[in-house]
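S.K.: Going by the numbering used here, the sequence shown runs without a break in its numbering and finishes at 492.
I should point out that these hints are in silico values taken from the structure, not numbers from a laboratory.
A couple of the hints might just be wrong.
Said to hold, decoys possible - Think about it this way: if two alpha-carbon atoms lie no more than 25 Å apart in a straight line, the pair counts; the simulated DSS-like pairs of lysine-lysine are: (1) K254 with K63; (2) K109 with K436; (3) K201 with K131; (4) K479 with K108; (5) K60 with K7; (6) K141 with K317; (7) K310 with K268; (8) K60 with K141; (9) K355 with K390; (10) K201 with K352; (11) K372 with K76; (12) K390 with K415; (13) K108 with K7; (14) K341 with K300; (15) K348 with K156; (16) K355 with K331; (17) K20 with K170; (18) K348 with K109; (19) K390 with K312; (20) K426 with K457; (21) K351 with K341; (22) K161 with K463; (23) K20 with K36; (24) K457 with K341; (25) K372 with K337; (26) K479 with K156; (27) K141 with K23; (28) K426 with K414; (29) K395 with K341; (30) K390 with K372; (31) K33 with K194; (32) K156 with K337; (33) K156 with K141; (34) K418 with K390; (35) K109 with K414; (36) K348 with K457; (37) K317 with K112; (38) K463 with K355.
The structure displayed is predicted, hence computed values, not measured ones.
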Amino acid sequence: MAMKTGYMNILQSVESDKEILDKEWKSINWKSIEYAIFKIQKRIYEAEKEGKYRKSNNYARLLVNDKRSLLYSIYVVTKRNKGRRTSGIDGMVIKTDSERMAIFYKLCEYKISLHNPKPTRRINIPKKNNKTRPLGIPSIIDRIYQQICKLALEPMWESKFETISYGFRPARGTKDAIAKIHRGVRGLKKKYIFEGDFKSCFDNLNHQHILDKIDGFPLKNLIKRWLEAGYIENNLFYETRVGTPQGGIISPLLANIALDGMEEALNISYRKKKYGNGGITYVNTSKYNVIRYADDFIILCETLEDANAIYNLLEEYLKERGLNLAPDKTKITHIKDGFDFVGYNIRCYKSHNHNKILTKASNESIKSFKKKAKNIIRNCYPWNIEESIIKLNHLINGTGYYWRIGANKSLFAKMDNYIYELWMRQVKRWYPKKSIKWIVNKHFKTSNHPQYKWKWTFTDPTSGYQVDRMSWIKIKYPFIMKYGATPYDYRFDEYFQKESFRTSFECLFGR
């Protein structure tokens, strides 16, 4: 059953009861709702882990039809997500609390399993290689329903995902992937790197392969309709016979489901190992180590022959999923030559007759940071200094915290000097007839940081806002994630509390 009510109808219903709806939204106890969802998610995970698939599907059905899931999904899609201000083909953007409450009541009238998705709105965004990446922006209703679907499907698959997958998964990220690489190349036993990249992965994934993998899931038919909904570009409709659109909330999860199985294709197996203190881990006993982040992956190999054999070993795996390896990005590298992965360069260096593995920011990511910083500063003028400093500080801290898991302390100082020089040149453009002394007295002050006092900090003389320094960020090397760790498993509650200083609940809901 399709939605019969457009954006204007919802706005009209809001206008008459705006204050009441606004008050209702503000009175919601979000923590209570999130805990209720989390409780059902853990039951889904546990039932799936124990092989009780009928039970897990029943819990999933309960969760996707729970009004608390709908309410929470509206909150996530319209308040938390980065794309909340971007509309699909329906032109609908939810901005106010009263509109959020109104759409909740409207969607309560419909059954999610009968929803008929709209085509996505196709836009193309530039990539680093001067090419473009197509994004499919779903309608706001589709995004809400996709978030509901994800709430149930994610814990189901977290119980069976390979541990070598780190992209778009709860409580996992690039730092965990890098830590795994360090462990894998330690001692240089596995010194050949198979750098793999799927060619247009999201655009070519086989629909039937995805649907076969989620067989039995209560909203399988809705997912099928999303995959086949097509897209609109330049006012023309195009069918989608393959692929899952980048831009959809559920797309990264569906891609992970489709790509799961690489370890099986490479015949990778694990042996249980017990420690004297009663702890248990699992040791890879194979000649390959896989680390995958979304559609990028590397395989650590012992010999060059092992690395070359991967092409044949992955042939059936790729065929089932409708994929091919990108020939321009797939190659075999020796660890001493180094390789780039998720914005880092990993390489073996000779140090005092010892081999040392170092992780540094890749040249590509450094260039990207410099370009962004330069654009912000070059577009800054005396009347928008505060706004520019806020943007630049966001870039400095975001990039610095991403880079801090590598040996990047000297790089941080270089980036600080680069930014200082950009500011000095920019201010000279503003005041070409003023002396350096005048410029320094007006715009370069001692930092007000509680710990670090730097005398040449660019400052907005009106508001007092100052540019942060990347070198203030402390280097923090990542720990190896425990085998099979997931916040949906109560057995890892203590582990997440100890290692990430967050509870399992906070890892998922961010509170």
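S.K.: For every hint, state whether the structure bears it out.
M.R.: Checked hints:
The hinted pair formed by K254 and K63 fails the criterion: a straight-line CA distance of about 42 Å is larger than 25 Å. Taken as a hint, the K109 and K436 pair is broken in the structure, with Cα atoms around 36 Å apart against an allowance of 25 Å. For the given pair, K201 sits about 12 Å from K131 by alpha-carbon distance, which is consistent with the 25 Å threshold. The straight-line distance between the Cα atoms of K479 and K108 is roughly 38 Å, outside the 25 Å bound, and the hint therefore fails.
With a CA separation close to 13 Å, the supplied pair K60 and K7 stays within the 25 Å bound. Of the supplied pair hints, the one linking K141 and K317 is violated, its CA atoms being roughly 35 Å apart against a limit of 25 Å. A distance of roughly 23 Å separates the Cα atoms of K310 and K268; the hinted pair therefore holds under the 25 Å criterion. Between K60 and K141, the direct Cα distance comes to roughly 31 Å. Violation of the 25 Å bound is thereby established for this hinted pair.
Distance restraint check for K355 and K390: the Cα-Cα separation of roughly 21 Å lies within the 25 Å cut-off, and the hinted pair is therefore satisfied. About 43 Å separates the Cα atoms of K201 and K352, which puts this hinted pair outside 25 Å; it is violated. Annotation: proposed proximity of K372 to K76 holds, straight-line Cα distance about 23 Å (limit 25 Å). Among the hinted pairs, K390 with K415 is inconsistent with the structure: their alpha-carbon atoms are about 35 Å apart, more than 25 Å.
With a CA separation close to 40 Å, the supplied pair K108 and K7 exceeds the 25 Å bound. Using a Cα cut-off of 25 Å, the hinted pair K341 and K300 is violated, with the two alpha carbons roughly 35 Å apart. About 21 Å separates the Cα atoms of K348 and K156, which keeps this hinted pair within 25 Å; it holds. Taking the CA atoms of K355 and K331, the gap is near 35 Å; set against the 25 Å cutoff, the hint is violated.
Distance check on the hinted pair: K20 and K170 sit about 43 Å apart at the alpha-carbon level, beyond 25 Å; violated. For the proposed pair K348 and K109, the alpha carbon gap of about 10 Å is at most 25 Å, so the pair holds. Among the hinted pairs, K390 with K312 is inconsistent with the structure: their alpha-carbon atoms are about 30 Å apart, more than 25 Å. Proposed proximity of K426 and K457 is contradicted: the alpha carbons are some 29 Å apart, above 25 Å.
With a C-alpha separation of about 16 Å, the suggested pair K351 and K341 falls inside the 25 Å cut-off, and the hint holds. Distance hint between K161 and K463 is fulfilled; the C-alpha atoms sit about 10 Å from each other, no more than 25 Å. This hinted pair checks out: K20 and K36 have alpha carbons roughly 15 Å apart, not beyond 25 Å. Between the alpha carbons of K457 and K341 the distance comes to roughly 13 Å, so the proposed pair stays at or under 25 Å and holds.
For the suggested pair K372 and K337, the alpha carbons sit about 37 Å apart, so the restraint of at most 25 Å is broken. Taken as a hint, the K479 and K156 pair is honoured in the structure, with Cα atoms around 17 Å apart against an allowance of 25 Å. With a C-alpha separation of about 14 Å, the suggested pairing of K141 with K23 holds against the 25 Å cut-off. Our distance criterion of 25 Å between C-alpha atoms is met by K426 and K414, whose separation comes to about 21 Å.
Proposed proximity of K395 and K341 is supported: the alpha carbons are some 13 Å apart, at most 25 Å. Of the supplied pair hints, the one linking K390 and K372 holds, its CA atoms being roughly 22 Å apart against a limit of 25 Å. The suggested pairing of K33 with K194 holds, with an alpha-carbon distance near 16 Å, which does not exceed 25 Å. Simply put, K156 and K337 have alpha-carbon atoms about 19 Å apart, close enough for the 25 Å limit, and the pair holds.
For the proposed pair K156 and K141, the alpha carbon gap of about 22 Å is at most 25 Å, so the pair holds. For the hint linking K418 to K390, the alpha-carbon distance of about 30 Å lies beyond 25 Å, and the restraint is violated. With a C-alpha separation of about 39 Å, the suggested pairing of K109 with K414 is violated against the 25 Å cut-off. For the given pair, K348 sits about 23 Å from K457 by alpha-carbon distance, which is consistent with the 25 Å threshold.
Distance restraint check for K317 and K112: the Cα-Cα separation of roughly 31 Å exceeds the 25 Å cut-off, and the hinted pair is therefore not satisfied. Annotation: proposed proximity of K463 to K355 is violated, straight-line Cα distance about 40 Å (limit 25 Å).
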